[in-house]
Structures are given as structure tokens and as C-alpha cells.
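If you read the protein sequences in the order shown, they are chains A and B. Everything in the first sequence is counted per the UniProt record's numbering, starting at 1 for the first residue and increasing by one. Everything in the second sequence is counted per the UniProt record's numbering, starting at 1 for the first residue and increasing by one.
Bear in mind the hints are in silico, worked out from the structure with no lab data behind them. Hints are not guaranteed to be accurate.
[Said to hold, decoys possible] With a Cα cut of at most 25 Å, we get these calculated SDA-like pairs of lysine to any residue:
| no. | chain 1 | residue 1 | chain 2 | residue 2 |
| --- | --- | --- | --- | --- |
| 1 | A | Lys63 | B | Gly114 |
| 2 | A | Lys25 | B | Asp236 |
| 3 | A | Lys33 | B | Asp236 |
| 4 | A | Lys25 | B | Val22 |
| 5 | A | Lys25 | B | Thr244 |
| 6 | B | Lys289 | B | Glu300 |
[As the list claims (entries may be wrong)] What the simulated footprint calls covered on chain B by chain A, stretch by stretch (three residues with Cβ under 8 Å from a Cβ of chain A suffice, anywhere in the stretch; the number is not a length):
| no. | stretch |
| --- | --- |
| 7 | 54-67 |
| 8 | 114-128 |
Quick reminder that beta carbons are idealized off the backbone N, C-alpha and C, glycines included.
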Amino acid sequence: MPAYQVFNRTTGDSFTCNGDQSVLKAMELVGKKCVPVGCRGGGCGFCKIRVVEGDFECGKMSKAHVPPEALAQGEVLACRIYPQADLTIECVPQPVDAIVEQATRAKQTTTRPMR
Amino acid sequence: MKKGVMRPGHVQIRVLDMKEAVEHYTDLVGLIETDRDDQGRVYLKAWTEVDKFSVVLRETDQPGCDFMGFKVLDEDTLVSLTQGLKDFGLEVEEIPAEELKGCGRRVRFTVASGHAFELYADKEYTGKWGVTEVNPEAWPRGLSGMKATRFDHALFYGPNLPEVLDVFTNVLGFHLAEQVMDPDGNRIAQFLTASMKEHDIAFIHSDEPGQLHHTSYYLETWDDVLRAADLISMTDTSIDIGPTRHGLTHGKTIYFFDPSGNRCEVFCGGDYTYPDHKPVTWTADELGKAIFYHDRVLNERFLTVLT
Ligand code: FES
Ligand SMILES: [Fe+2]
Chain A
1 MPAYQVFNRT
11 TGDSFTCNGD
21 QSVLKAMELV
31 GKKCVPVGCR
41 GGGCGFCKIR
51 VVEGDFECGK
61 MSKAHVPPEA
71 LAQGEVLACR
81 IYPQADLTIE
91 CVPQPVDAIV
101 EQATRAKQTT
111 TRPMR
Chain B
1 MKKGVMRPGH
11 VQIRVLDMKE
21 AVEHYTDLVG
31 LIETDRDDQG
41 RVYLKAWTEV
51 DKFSVVLRET
61 DQPGCDFMGF
71 KVLDEDTLVS
81 LTQGLKDFGL
91 EVEEIPAEEL
101 KGCGRRVRFT
111 VASGHAFELY
121 ADKEYTGKWG
131 VTEVNPEAWP
141 RGLSGMKATR
151 FDHALFYGPN
161 LPEVLDVFTN
171 VLGFHLAEQV
181 MDPDGNRIAQ
191 FLTASMKEHD
201 IAFIHSDEPG
211 QLHHTSYYLE
221 TWDDVLRAAD
231 LISMTDTSID
241 IGPTRHGLTH
251 GKTIYFFDPS
261 GNRCEVFCGG
271 DYTYPDHKPV
281 TWTADELGKA
291 IFYHDRVLNE
301 RFLTVLT
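Please model the complete structure; the sequences and the hints are all you need to start from.
Below, the structure is given as C-alpha cells:
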């Protein structure tokens, strides 16, 4: 299986990915964290990236996270793409979730006396 | 059971690829395929369940949950609960018998969190799988994978939790078993039950409506949970977290994903509740511990990865 280089131009990370491996899996295997890891099944949209350069094959992805307009802009789910050439990717900003915010805020504002 | 809702009866899960999904829920989780229909849906059940199916898979291009159904005592109960839903101001949709094969008529409604639920009174009684009704053996041979014993509950994310609580408690007769409160007194999580189980259904607040966090399947022992973890590794299945213990409900658990990214849980144990029990309360500043009792830190993936 040919191996390709994936370069994340947002974070500067690069790693090797085989043609039969998803970009997300290859990243996880070398211990990098430059793309958020969610379900690894094309369902949650957590690992969304933009491919700026390079060919790839694409598995099934949730239309909720990659509607046709987004796909046309090169937006894909890293857990569902398999490189066919060296790839340059970039991060897509993630929406901040309310509950994480809420809980983090709770943690900050509830102070307990130290003993 | 106060108003005649007995138990979670079924859930319809959307998957991207039917073949992969069936393999996941049968070979790995251990459910049993019981039927298919002309829409291409696949019907599954766990071995201790007496009715024909509890999990229905539907292939489409957007994973998630179509609806969850509760079985009620009888037709009279169905009629009175339907009236209750209407009086509450909810629109109800009548789904004819046999739209799901082997299931009687269903009454579907969507609550303010954006999730669709159904009530029904009849489903084909096929009995526990692989054991006889009279003098049954302890368990059947020939089960696969994790050998899940039943579809137990689901957790949903969405807005308007107070209104959802109102429907489930006042119209459907559930009671609030556990809750998470933020410093301003908002309930950001609610675990509801129609039984003695600590939850038959749970909701966590999020602004985005209609999201599925997980469907959950019951195992007998902690050893079974560990064995489930082994199977997740053996099959290179996407793992979320575990084996560990929850603070909420104190269940012993492991989370993983189906091939379309829908989160699944298998768990054992957990507290019990009666309608006279006060809700167990966790505070938002201890949310990390409430969710994963050993880690005690907020796990962003667990809180935000949804379908
Ligand atoms: S990790 Fe969920 S879509 Fe890729
Ligand atoms: Fe659960």
C-alpha cells in the first residue's frame, strides 16, 4: 500500500498515511492531536477538515455535517478520507458547545474554601 | 408506571451503511436479527426481550435517531395517554399497525427538545430468544459478541428541558430519578424512569435540537463489560471511553461507536429508584465526576460528539 504525507497547514503537523487508512486513524496512530477525534464513523462532524491540495477517496459521511455545498469547498471528515496523493489539509473552526461552556463556568464560579 | 407506560420498547437508528451496521449490532453487540421490511429496515432484538424487536436500523445519509417508542399497558392506556398529550398541546401523529412489522398502532409526538417519541400497546410476542417459556435454561447458546440482554435506555441532547420534563412526568407518569443542576438553578441533565431502573430515558441540555447521544444495552456483570472492551479491541471498533463507572446512576459502563458514528453503551449495575425517592442531584461543578466517576474531569468528546 503506498504511503502519503499529510500536512496540516493550520498546526504545522505532518504525518504518514497509507492509502487504505483514514487520515484520522493515521494521525491517531502516531499520537498527534491536530484534528479533533469524535466517532471515527463519519457521523458526528467532529473531525471536519478542509483539503487544500491532493487527491483522496471518500467514504460515506453524514450529510448533516458535509452538505454538498461544503463538499464542493473541499470540506470533508478526516475519519472518512483515504489519501491517493500527498495531502495538505487545514482545520475548520469548531462550534463551542453550550454544556461545556456552562460546566466550565460552573467550575470557575463555584469556589470552595480551602482547608 | 404511574400512568401505564411500561418500558422502552424500541428505537429506530439511522445508519450510513446497512451491512456494516447489522454486523455491528449483531456480531459485536449480540442482538439478533428478527426481520426486514420492504423499506429496507432491519429489525433486531436482544435475547431476554419478549417482543419481536427493539432496535430498528434504517439506512440513510444522516446518522442519528428517528424515534424511540415506549410500550404501554393496553389499548385503553394508549387512548388516555394520547388524550393527555393532546391536552398538553402536542401534535400527535397516528401511525397504523404494521407500519413496523409486528407492531400495533403507534402514536407519535415530538417534544420540545426536538426528539420524536411513540407510544404503542401491542407488539408480536415472540418470547425470549433461544430459551423455552416453561422451565427455561439460564441463557441460550449461540449468542454473539457482547451478548447484550436488552435495549435499556437512550440519552438525547436538546433544548427546552423543563418542558420535556413536564411532558414525561405529568403526562406520561415518569419520575425524575437523577438531575444535574447548574449554579443558576437550571437543570442541565434529567434522568427519567417509568420503572425501578435509574433511567429509561435521559436528556442533557444543548442548544441544537434532536440529537442522539447514545443508545444503551444491558449486560449482567462487570466481567461482561470488560469482555465487551476486549471485543471492541479485537474488532478494532471505535471506542469512546471505558470500562469505567458513572457518578450519575453509578452504572458500570463502556462507550463505543457504531460504524456510522452513533454512540452505543453497554453497561451493568446502576442504582434503583421508586417514585417516592427524591431525585439524586449532581452539581455542574462536579459534572466530570458525575459522568465518569474515576476520571473526574470533563470529557469534551463525551459532551459534544453526537449524531
Ligand atoms: S470523528 Fe465523527 S465524523 Fe469523523
Ligand atoms: Fe447510558
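### Query
Honestly, which of those hints from before does the structure not fit?
8
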